[in-house]
Structure formats: structure tokens, C-alpha cells
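Chemist: Residues per chain are reported as follows:
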Amino acid sequence: MNLAVRDIRHNLSRFSLTAVGIGMLLMIVMGMGGIYRGLIEEATLLVDKIGADLWVVQYGTRGPFAEISRIPRNLEDRLRAVPGVRQARAFATYAVQREFRDKPLRMQVQGLSWPDDKGEWLPLIAGRRLGAAHYEMIADKILGLQLGDRLTLGKNHFTVVGITSGMSSMAGDGLAFFTLLDALEIQYDYSGEAVRLERKARRSRLARIDIGNTLPTFLERTELPSASLPAIARPPVSAVLVQLEPGADRDAVLATLSGWTDVSVFTRDGQKELLLKGVVDRARRQLGLFRALLIIISAVIMALILYTLTLEKLHDIAMLKLIGARNSVILSLILQQALLLGLLGYLFAFYLGQWVFPRFPRRVVIMQDDLLFLALIVAAISVLSSALGIWKAMRVEPNEVVS
Amino acid sequence: MSGSTITIDALGLTKVYGSGNAEVVAMRDVSFTLSSGEVVALLGPSGAGKSTLLTVVGLINTLTSGKLTIGNDLVTDGPIAKVDLRSYRRRFIGYVLQKANLIPFLTALENVQLALEINDVPARTARARALELLQYLGVDHRVDNLPHMLSGGEQQRVAVARALANRPRLVLADEPTAALDSVRGRQVMELFRSVAHEHGTTVLVATHDHRALDVFDRILEMEDGVLQSDHRNSEKAG
Ligand SMILES: Nc1ncnc2c1ncn2[C@@H]1O[C@H](COP(=O)(O)OP(=O)(O)O)[C@@H](O)[C@H]1O
Ligand SMILES: [Mg+2]
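Protein chains in written order, with the working numbering: chain A, 1 to 403; chain B, 404 to 641.
Excised from the complex, chain B in its bound form (with noise of 0.2 Å):
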């Protein structure tokens, strides 16, 4: 794990939904670092606000105000794009969210696979890289299965899996094990830890799950959109 190397650059950030008597401040002035390499949790209670930390540093969520920057481009400045999102998010960032979220009529290969070629991966290339990634993943014996024939963790795997296919710099995971057993939802975090430590990914993911705490390097805290703590994990696993 190197560590020194800034991935993440978040100042400030602040997010309003709505407007009048339905303002709701979900993220206030919200500032951190995260360098490559880094598993880091983010924890809190519901309506904490880090589904919205986590759309917004993934591309999907306007800023009300604030600056992200990703490697050296500043991405977002407030509701401004910098940068042309979407191919941001194909080529650096992958999600995985707390419900699947597979394409129901492609195949578990393909649905990682898809992610592969949207990335102009060529076909071949690509097919044989899903493989790969879901026999590491353990669901090889059913890539030939829509998701509908898939259980809830062989889901979320595929899920993982197609996060993971591009190799992104960063990836992003909303409650990933809510669906899963503690066991299944132990592996996964596991299987981040070492995808980070081994590629460099910046990893961040938002849990109350506090079983499995001890894969990550580092913990950040938030309540009512604010950011309450950032330290190292103490109690971090060997």
C-alpha cells in the first residue's frame, strides 16, 4: 500500500435538495482526502447523509457548492462540470450499490462484459477478463445465468464484479453487504481490500455493518451532512 499519492481531493463539499420550506442540507461543507491504494469506510446513521457523499463524488449528483478534484482535474467546481462526466465515470469509477442493479436481460457474463466494452474493450478482450474476474469472484459457475436465477450474493458479486472490470482508480460501494449474509459480506470487503492494496484503487464504502471494520484502513464518520471524525482504523485486522 503506497498511500501518499492523492486520489481524492473533497473541499468543501455541500449539497441542498430542494428548495424553500423543503430545503434539505444533506452534506454541509464536507472536506477530505483519500490517496490511492486506500480502503476507506464511511459510516454514520440513515439519513447521515452518505449515499449523497458518495453519488456526488461518483459523478452522479450535482454539488450545490464546493470542489472535486480527481488525480489532477478539478472535476467539479459546485454545479459546474469540469470534465465530461459519463466518460469520467466509464474510464475511473466503478459502483457497486446496495441492491444489484444487473441488467436483467444479459447474462451475468455479459452483464460485465457490457461494462468492459462500453469501455471499448474488444469483445474477446473482455469476455475472457469477466471470466477471470468472476471465477475470482466465485460465481463462475453461473455466467451463463440472468440475474434473475442468481441469489441475492452471487448478485451482488456479479455487481462487484462489474465494478471492478475497467479497473478503476476509484470504486465506490452504497451498503454493498446489506443483502448479504455476514459471511458473504465479509468476503466482499475482503475481496476490496486486496484490489486495493494490489492495484492502488482508491476504495470508499459506506456501511453500518460494524462486523467487518477491521478490513479498512481508515474510517470516516458522518452525521446530519457533517463529517464528524477521519481517523486511522485502530483495531485494523493484521
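Bound-form chain A, shown alone (with noise of 0.2 Å):
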């Protein structure tokens, strides 16, 4: 006769509730562990999903994603005469916030290399790749963009083509692709005023500096866009992505690299790295012992509740002894109450996770190997607690029935 399946069904409500309340807590836990587990994945995704072989970034920087690189777009010329290197493609990423339809939008902005890059490496889930060098943007649907909106950014409008599902920054926010052009269009947009402030800003630094007065033409130049003075560099990018020839030797090319005093190059491995041990180790760490925390108020609550299920029982536990019940009995009756509670508890974390989780504004990333790791904890959080009851039913007399 199976006594803790007796005395559940007899108090069933309480049971299901106290099962309710320790399952609500342990899909906390576990929700605590998809968003450290989330942030993992989104500080590495783009990395990941780019799958760029080498990252060359400005000299002595640890860019671009953990702090500011600047280099030229020319770069890509060298990088592509290196032997073993198949394709090198520039890249800019920086983050906006700009209004859409009276709501803040907030996207991080990656320019694509067009027309090596078009973006076929993004996983969409409607409308296309780029199609054109100018005025087309790729955005992940946590931005909340239709196919066909039309965006204003700077000077342009840009319209959506093409959906992505699961491109976040680091930040949580999705991200936005645009031809690399048009991305530095957008980070370099100055007002008409600027402009016109700036060309005579110009005009007055020459006129106090001796070029000025023996070349009067360069005075004119003065007028055209800043791409177009040969004086000033166009605008730079983050940096340059190598692919390598399949079969090429990596250490054979990063030694070439490692001669160029300009640059800095990090490997994937190397630049996912730099985003674990630095950009998001805080956060990181915070979640882990924030978890860790949870884990330990599941096992004191379930201690608590487990302790007085058995208080309330201790009169038919001395009843029990009194009529020669085994040690045994006693110690299943306690315990399979415990794995149940635990079970039925992670059972509905569980479920209700699977509903609420995907509704969270970040990412939660629940992996098989953590479910399977908070079961073995809620299951021995379940063992042990419940030995503070066991402890206090072993040692309640027979006679104490009688009193």
C-alpha cells in the first residue's frame, strides 16, 4: 500500500498548489539559467553566424565589438593579395535608436560588403537578401519591421526586404543590415548646415595657412564632399573579415598579418574570446551567482515546506510506529512526497516555461544539458530536504500518541 500517494490524494488541492508554488520558483531557476545561457549566445552570434576565419581590426584594439576600431576600408585591397586568403570584406556595425511610427527603434546597424556580401549567410525567414547597392535593409523581426516598411535614416529612406529571425546584438537589440556603403552613409550623415559650416571652417584654415595663398584652386576644393578630397580619408570601417582558401595553413597567413604594424588580428575563436572573457564576463558572472542563489532559496523553501508536511503527519508517524511500522515505511512515505513535489514542480516549470520564455524581450536559451542538470539538482534538492523531516519523524516516540 503506496501511503504517500494515499495521504496526497486525501489533501489533493494543497498538494497541487505547494506543487504549483515550488514549480513556479524552479521555472524562475530555469529562466534564470536560459537568460545566462541567452546571453551567451547572443554576445557570440554575429561572430558565429559571419563565420569569418580572421577579424583584423585597428592596431593594438581589441575591436570591434569590445571597444572602437577605425580602419581603412582600403584595407581589403591588401588582405585579398595575401596568399590563402579567398575573400576579405569590410565590416561597420554601430548602434541607432531612432523613432518608427512614434515608437523608439533601437537596431544595431551592420554593413554588409556589397556585392561579395548580399547577405546570404543571414537566416531569413521572409522577403530576400539585398538586391541592390543602395536604399535596401535586411532587419530581424524583434524590430518588429514589415517586409515593404520604409525606414528614414540620414538623408535616405531605405525599404525592407528581407526578415531574419534570432539576429540580436549583444545588447538584445536586432540587428539591421545594409549595404556597407549606405551603413557609413548613415554613421556619416551631417546635417546641410554642418556641411556648410564645415566648408567654411575650410576656407578659413586655408586662408591662415600658407597653401591657401599659393594654390588658389585647392581653395575651391573646399566645396566638394569630404569623400572626395584627396587630403581626407574616406570614412573608415570596423574592420576586415578574412575568409581563407579551404585548405590554406592560418598560421602561415596570421604570421604575414602578425608583420603588419597597422592592424591587430584576432581569430573566431579569438574574437569570441575577447566577447566572453571581457564584454559580457559581468554580466555573465552575475547571472551565474544570481542562479546559483535561486538554487539555494528553491532548496530552503522546499525544506520548509517538505519539514511541515511532515510535522502535520508526525501524530499518524507515531501512530505508525506504535503499531510496529518499519523505519522504511516511514522514511518512503516522507521521501516519495518529496521526488513527487520535485517532480510534479519541475514538470510545470517545464511547461510553463515553454510558454513564457519565447515571450521574454531577450533571449532565453534553455538547453537539454541544463534540464537535464536541474533535474538532478531539484532531485536532490528533494533528497536532502526532506531530511530535516526525516530527522524529526525518526525521533518522534510511539507514545506520543497516547498523550
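Hints are computed from structural coordinates only; laboratory data are not their basis.
Idealized CB from N, CA, C, for every residue including glycine.
Misleading hints may appear alongside valid ones.
DSSO-like, lysine-lysine: derived pairs with alpha carbons at most 27 Å apart [as the list claims (entries may be wrong)]:
#1 A/141 <-> A/49
#2 B/470 <-> B/485
#3 A/200 <-> A/118
#4 A/392 <-> B/470
#5 B/485 <-> A/392
#6 A/155 <-> A/141
Negatives, chain A to chain B, calculated, CB over 10 Å [unchecked claim]:
#7 84
#8 188
#9 247
#10 319
#11 325
#12 329
#13 361
Hints given; two lone chains; assemble the complex.
Modeler: Right, dumping it as C-alpha cells:
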């Protein structure tokens, strides 16, 4: 005869409520783990998805994510000449926050090195990749944009031609992909007044120095956009991504590039390590600690619940002892209830989580291993936290029934 | 009724509760023997030490001094247990207390069945025997009810069934009829007698209900922790 089940049947509604309560607690533990995994996944998502073998950035920096990196775009051409390099494409990334339909729209702009990179690697769920050198964009679905939406960024209008899913930045913002030129133009957009003021400033600078007087035609040149001025570089990019030939010797390429004193080079894993060990490290440790605390709190709460469950039955346990029931009968009554409570709580947490987690604003990644680990922890908590109740039950004397 | 085999041999049983100023001598140097098949009443005013005697003999209370032998086994020598008391209780002793103390989450039938199952009786056999006992006690219409749905008398009869389930050598009852009306109370006492006489069980009942005394073979009287008298019942019924 199973006493645990019969007792539960007798107190069904209260037991279920307790299981639901524990389930909610476990769901938070599960969610915390998922947020932790989500943070890591978001941090390394772009690096993984882009799939570049090497990241070439400004010398001495740990860019382009951990800190700002600026390198000239023509580095692309120099890199293409290195033996073993199949493809080099410029990469620009920055965050913008604008208004769209009267709501703030925060997105991480990514420049794609058109025409080499049309966004073939993007996980599209609707629309298409970029089909023109200008005025098209691909947006992630968390940005809430629809195919055909038109956004005004800088002086130009951009049409959403594709929607991706699951592409978000380290900060959890959705990614938006433009051609590199468009991306740079949005980044270096100046108002007409700013341009006029800059031209005036150029003229007065020239007037104050020798060259303005000796080369009067130079003065005319100040009217041109800065990209057409020979003395002023084109807007820089954040990094250049290098794809190696199949079978190329990565170390040989790295050795060549290490001789270039104007850039620093990271492998894909190196770049991921910069992100995990640097950028998201504190957030990651914070979440990890919080999760550990939650597990401890769950254990304490479960122990208290199981202890009270046992206390309530102390009279019956004394009676069981009086009629000579073995300790194993009493032990399994308490343990089975503890495990059942843990199991039901866990299942409730799991199914509630399936529904709740996708509604979180940021990514929650529930991994199989984490689920298994949590299941083991819940089992361990159930057993350990019933120890207090068992200790009490073992101590009760049968003649307490009489008094 | 055989009356010849000694089942219980109590020698100089003494129980002291507490210590120092709070010391209470609940039972002092009590000696007696009980034979198998005997139904014995334990009389005495409240506080006389009847419950103390029953719990000591029932192996749920430690002795301060004295010796208790059940069958051929010295069971406890002063406070020192000589056998596994719980296993002894399980196999040889049945209890009926003033309150039924049924397990609240088990049905009437399950309460009786449990007593059998913890004694390693297979579930089917246990169920059949429990049903049979409850029928015998006239509560078979209540088998699937939880204790709180039963009247006090019905609960007490289920408790009696539980006490008798394993055909114990010794049945101890502490004012078992306090919660019953006189008719029901008498029925329970008569049940004890028939169990004792038919199965050779020894039954010791603490009571201060003098109306059903004719049921008993023998009467022990206690006062202030001391056994005052021990005599065959003269007004015994046919
Ligand atoms: N657990 C206990 N602690 C201290 N004193 C007790 C305890 N149980 C009983 N007593 C005392 O022992 C005496 C005998 O009690 P008890 O055996 O219950 O008598 P009865 O059952 O005849 O009424 C009483 O004075 C009672 O107060
Ligand atoms: Mg009493």
C-alpha cells in the first residue's frame, strides 16, 4: 500500500498548489539559466553566424565589439593580396536609436560588403537578401518591422526587403543589415548646416596657412564632399573579415599579418573569447551567481515545505511506529512525497517555461544539458530537504500518540 | 479458555517521570502475570497509573526499573530493551486507545489492511482478512470511507479491527469505550472476550466503566501507582 500517494490524494488541492508554487520557483531558476545561456549566445551570435576565419582590426585594439576600431576600407584590397586569403570584406557596426511610427526603434546596424556579401548567410524567414547597392535593408523580426516598411535614416529612405530571425546584438537589440556604403552614410550623415559650417571652417583654415595663398584652386576644392578631398581619408570601417582558401594554412596567414604594424588580427575563437571574457563577463558572472542563489533559495523553501508536511503527519507517524511500522515505511512516505513534489514542480516549470520564455524581450535559451542538470539538482534538493523532516520523524516516540 | 500458559510476567515494574522536584512516581513495584486467553480489567481512578502500566507493557514506554517477560523472552530489563521493541509490537501486540487514532488519509479498510501489510502479509490476503474483520465488527458498510466520515463508535471498531488484525498474543486497550455509548461499549468488551477465549489472546483493558465488568475473567485494581488487588471476577457472566 502506497501511503504517500494516499496522503496526497487526501490533500490533493493543497498538494497541487504547493507543487505549482515550487514549479513557479523552478521556472524562475530555469529561466535564469536560460537568460544566462541567451546572453552567451547573443554575445557570440554574430561572430558565429558571419563565420569569418580572421578578424582584422585597428592596431592595438580589441575591436570591433569590445572597443571601437577604425581601419581604412582599402585594407580589404591589401588583404586580398595575401596568399591563402579567399575573401576579405569590410565590416561596420554601430547602434542607432530612432523613432519609427512614434516608437523608439533601437537597432544595431551592420554593413555588408556589397557586392561580395549580399547577406547570403543570414537566416531569412521572409523576403530576400539585398538586391541593390543602395536603399535596401534586412531587419530582424524583433525590430517589429514588416516587409516593405520604409525607414528614413539620414537623408535617404530604406525599404525592408528581408526579415531574419534570431539575429540580435550583445545588448539584445535586433540587427539591421545594409550595404556597407549605406551603413557608413547613415553613420556619417551631417546636416546641410553642418556641411556649410565645415566648408567655411576649411576655407578659414586654408586662409590662415600658406597653401591657401599659393594654390588658389585648392580653395575651390573645399566645396567638395570630404570623400572627394584627396587629403582626407574615406570614412573608416570597423574591421575587415577574412575568409581563407579551403585548406589554407591559417598560421602562415597569421604570421604574415603579424608583420603588419597598422592592424591587429584575431581568429574567430579569439574574437569570441574577447567577447565572453571581456564584454559580457560581468553580466555572465552576475547571472551565474544569481542562478546559484536561486537554487539555494529553492532548496531552503522546499526544505521548509517538506518539513511542515512532515510535522503535520507527526501524530500519524507516531501511530505508525506504535503499530510497529518499520522505518522504511515512514522514510518512503516522506521521500516519495518529496520526490513527487519535485517532479511535479519540475514538469510544471518546464511546460510553463515553454509558454513564458518565448515571450521574454531578450533571448532565453533552454539547453538540454541544463534541463538535465536542473532535474538532477531538483532530485537532490528533494532528497536533501526532506532530511530535516525525516530527522524529526525518526525522533518521534510512539507513546506521543497517547499524550 | 486454557489459563495455564503464562504470557506476560511483570516483576517489580516501576516508572518514574521527570526528575528532582518534578519527579512523579506513576507506577511503583507492580508485579503480576497474565495467562493466554485471559480477559483482564485494570481498574483505578484517574491518575492511578493505568495508562503508564499499559504503555510499559505495550513496549512504548521505557521502564525505570523492573523486568518484563513476554512468552519466553525477557523483553526489557529496567530501561534496557532486550529485543527489537518495534518488531515485537508489530508481531505480538495490538492496541486500542481511548481515541481511535486512525490514519486520516486511509479508508477504514486500508487502516486495517496497513497493519497487516507492515507485517509482511501480501496485499490480497491482507485485504480479505481486513474485510472479514470489519464485517465481524459490523462496520463493513463503511470500508471505503475515510475516518472523518465515520462516527466515534465506528472509528473505534475499526481501531479494534486494526488491533486484532495480526492475531496478536496480547491486546492492550486503554479506556476503549470512553467514546462509545454503553451498548456499543459493551459490544467491544464482549468482542475482546470472545477473541481471548477463541484465539487464546491475552487482553488487558484499562477502564473505569463498571457496567461491563461482568465480561472480565479477572480484575486488577490500581491506586497511586500501586497494584492494590488482583482477583478472579466473582460477578462474571455465564
Ligand atoms: N509523560 C508524563 N510525564 C510526567 N508525568 C506523567 C506522564 N504521564 C503520566 N504522568 C503522571 O503519572 C501519573 C499516572 O498517570 P497515568 O498513567 O496517565 O494514569 P491513569 O491512566 O490511570 O489516569 C499521573 O500522576 C500523571 O500525572
Ligand atoms: Mg489514562
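Chemist: Hint by hint, which ones does the structure fall short of?
Modeler: Violated: hints 3, 4, 10, 11 and 12.
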